[in-house]
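Required output: the full structure, derived from the provided sequences and hints.
Take the sequence shown: its letter number 94 is residue 94 in the working numbering, and every next letter is one higher.
Bear in mind the hints are in silico, worked out from the structure with no lab data behind them. Cβ coordinates follow ideal geometry from the N, Cα and C atoms, glycine included. Hints are supplied without guarantee of correctness; some may be wrong.
Pairs of lysine to aspartate or glutamate residues, derived as DMTMM-like cross-links and limited to a Cα-Cα distance of at most 20 Å, are as follows [stated by the list, open to error]:
(1) K116 to E147
(2) K13 to D455
(3) K222 to E261
(4) K476 to E147
(5) K378 to E345
(6) K175 to E240
(7) K403 to D390
(8) K447 to D47
(9) K447 to E399
Okay, the calculated beta carbon distance ranges per label pair [stated by the list, open to error]:
(10) E475 to S247: 17 to 23 Å
(11) E412 to R230: 32 to 38 Å
(12) N120 to P383: 39 to 45 Å
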Amino acid sequence: MTTQTLTPLSGYKQFPGPVVAVIMDGVGIGPGDESDGVYMANSPTLDLLFAEPLMTTLKAHGSAVGLPSEKDMGNSEVGHNALGGGRIFHQGAQLVNEAIASGSAFSGSGWAGVIKSAQNGGTVHFIGLVSDGNVHSHINQLYGLLERCSVESFSRVRVHALLDGRDVDPKSALKYIRPLEQKLEQLSAGGSDYRIGSGGGRMVTTMDRYNANWDVVEKGWKAHVLGEGRHFDSASVAIETYYAEDSEIMDQYMDSFVVVENGSPVGTIEDGDTVILFNFRGDRAIEISRAFEDDNFAEFDRVRFPEVFYAGIMQYDGDEKIPGHYLVDPPAIDNTLGQYLCAAEVTSYAISETQKYGHVTYFWNGNKSGYIDRELEKYVEVPSDKVTFDQRPWMKAAEITDKVIEAIQSGEYKFIRLNFANGDMVGHTGFPASIRIAVETVDLCLKRLLDAIRDARGVAVITADHGNADCMWKEKDGRIIPMVAHTLNPVPFIVKDFSGSNSFVLTDVKQPGLANFAATICTILGYQQPEEYEPTLLKI
1 MTTQTLTPLS GYKQFPGPVV AVIMDGVGIG PGDESDGVYM ANSPTLDLLF
51 AEPLMTTLKA HGSAVGLPSE KDMGNSEVGH NALGGGRIFH QGAQLVNEAI
101 ASGSAFSGSG WAGVIKSAQN GGTVHFIGLV SDGNVHSHIN QLYGLLERCS
151 VESFSRVRVH ALLDGRDVDP KSALKYIRPL EQKLEQLSAG GSDYRIGSGG
201 GRMVTTMDRY NANWDVVEKG WKAHVLGEGR HFDSASVAIE TYYAEDSEIM
251 DQYMDSFVVV ENGSPVGTIE DGDTVILFNF RGDRAIEISR AFEDDNFAEF
301 DRVRFPEVFY AGIMQYDGDE KIPGHYLVDP PAIDNTLGQY LCAAEVTSYA
351 ISETQKYGHV TYFWNGNKSG YIDRELEKYV EVPSDKVTFD QRPWMKAAEI
401 TDKVIEAIQS GEYKFIRLNF ANGDMVGHTG FPASIRIAVE TVDLCLKRLL
451 DAIRDARGVA VITADHGNAD CMWKEKDGRI IPMVAHTLNP VPFIVKDFSG
501 SNSFVLTDVK QPGLANFAAT ICTILGYQQP EEYEPTLLKI
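Set out below in structure tokens:
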């Protein structure tokens, strides 16, 4: 489908400044009590913005972002797809559920390659996040894949289990690992050999993103492929031991482990094997996929590069074709806001730090890498710190703000978008003091941005992609438990118009969501919304 040029909006008056969209990652509208890090933070700028006349809230989870149920929390990837795509697309979790249930996941060339490898005697390895968080994966999908392996009479299967503790409770690994071990034992009845081979916490093993820290991927490679790591008789024994040794350890930061029998690893990856990455979300899947597929790989010494058939549950980067083989087709997202603005020759600027850089570029542009039009766009990445973010909750917000102010003052860009990662990345750590500082950092940077937008006679649009910092902890059985996952809370949507050119008012859209954002940006820029977009939230 060819992107059409936008149609000018009747009665619209141009203004000199830019439209600046600020995505406050992980800043939702919470309960307004002591558990709410946004409420508890000293945030005078947000307090004023929440009282603006052009303020409403957006739904950022469940069906509003293409996820299967209203119990499914939103995330940054589907959130930015919706923000930049202007519509609701069935996303990874829903697509994979449907493909496994219908059998289509097993009817394409990807699964045919798995069958061929297994029939030639190779072990089938599954790598991925073992939880029901439904952000990167879902354990029920893994069960479906394992059951299909049994139906196909695959004789030898290994699971390399990455521990969550981020999209689920911080110390819940045994809730998933013990039933998985039982499931594998059941599937092994009759002479097959299904086991867990290795694992580790997601933030230190395998699941790095945006080239932030390749040491994480290397640690996973050593555990999964080479069998190097601390030895245990089983995954559950590994987790129990780590818990006993450090009562404060969270699953996401748990060290890697290797399951052994008679002192030897049971699940190394060898020539002729199959490797399936069963995470459906792309950002933390691309680097490990490159390690398995790139002949000229130089990010770390792989020591051994086994010849395997490698497939993802989905293709994580359609432009770069990563990976080359996959089981489920990704959502087709066309006619993004970026494509429409480039067709209308609107200049734009996108910036975030490494942790969220792909969200204002790749995910924003419909899961496509690179520029749409290099002559009209500029993408800027600020390198993230390589520390746990509770230690530096200010992250790179100040540096991002500096660069955006420069972009505003340059007068070169009509549309600027940025992501402050603080509310989400620090929210995932579960440390209330750090979370409050994260929100306060964003608040301070917002004040600086608003001053610059006012001076340029522009328009600020402030929103978020999902909640996180708005729930720091929850009470369970009389105990306070850190809440490190995203929330189901709505997010703010605020327009602060410093241009003095147009009298915007809110429309009466019922239950607006993130997908209404793109059409609204079109309105603010003086264009009619594309007919396929969800309705705009503003009118003149």
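So, going through the hints one by one against the coordinates:
For the hint linking K116 to E147, the alpha-carbon distance of about 18 Å falls within 20 Å, and the restraint holds. Restraint check: the Cα-Cα separation between K13 and D455 comes to about 18 Å, which is no more than 20 Å; the hinted pair holds. Distance restraint check for K222 and E261: the Cα-Cα separation of roughly 18 Å lies within the 20 Å cut-off, and the hinted pair is therefore satisfied. Proposed proximity of K476 and E147 is contradicted: the alpha carbons are some 34 Å apart, above 20 Å.
With a CA separation close to 13 Å, the supplied pair K378 and E345 stays within the 20 Å bound. With a C-alpha separation of about 12 Å, the suggested pair K175 and E240 falls inside the 20 Å cut-off, and the hint holds. Between K403 and D390 the CA atoms are separated by roughly 24 Å; this puts the pair beyond 20 Å, and the hint is violated. The suggested pairing of K447 with D47 holds, with an alpha-carbon distance near 11 Å, which does not exceed 20 Å.
Proposed proximity of K447 and E399 is supported: the alpha carbons are some 14 Å apart, at most 20 Å. Remark: the range hint 17 to 23 Å for E475 to S247 is upheld by a beta-carbon distance near 20 Å. Checked against the given bound of 32 to 38 Å, the beta carbons of E412 and R230, roughly 53 Å apart, lie outside it. Look at N120 against P383: about 44 Å separates their beta carbons, and that is inside 39 to 45 Å.
Hint compliance for this structure: hints 4, 7 and 11 are broken, all remaining hints hold.
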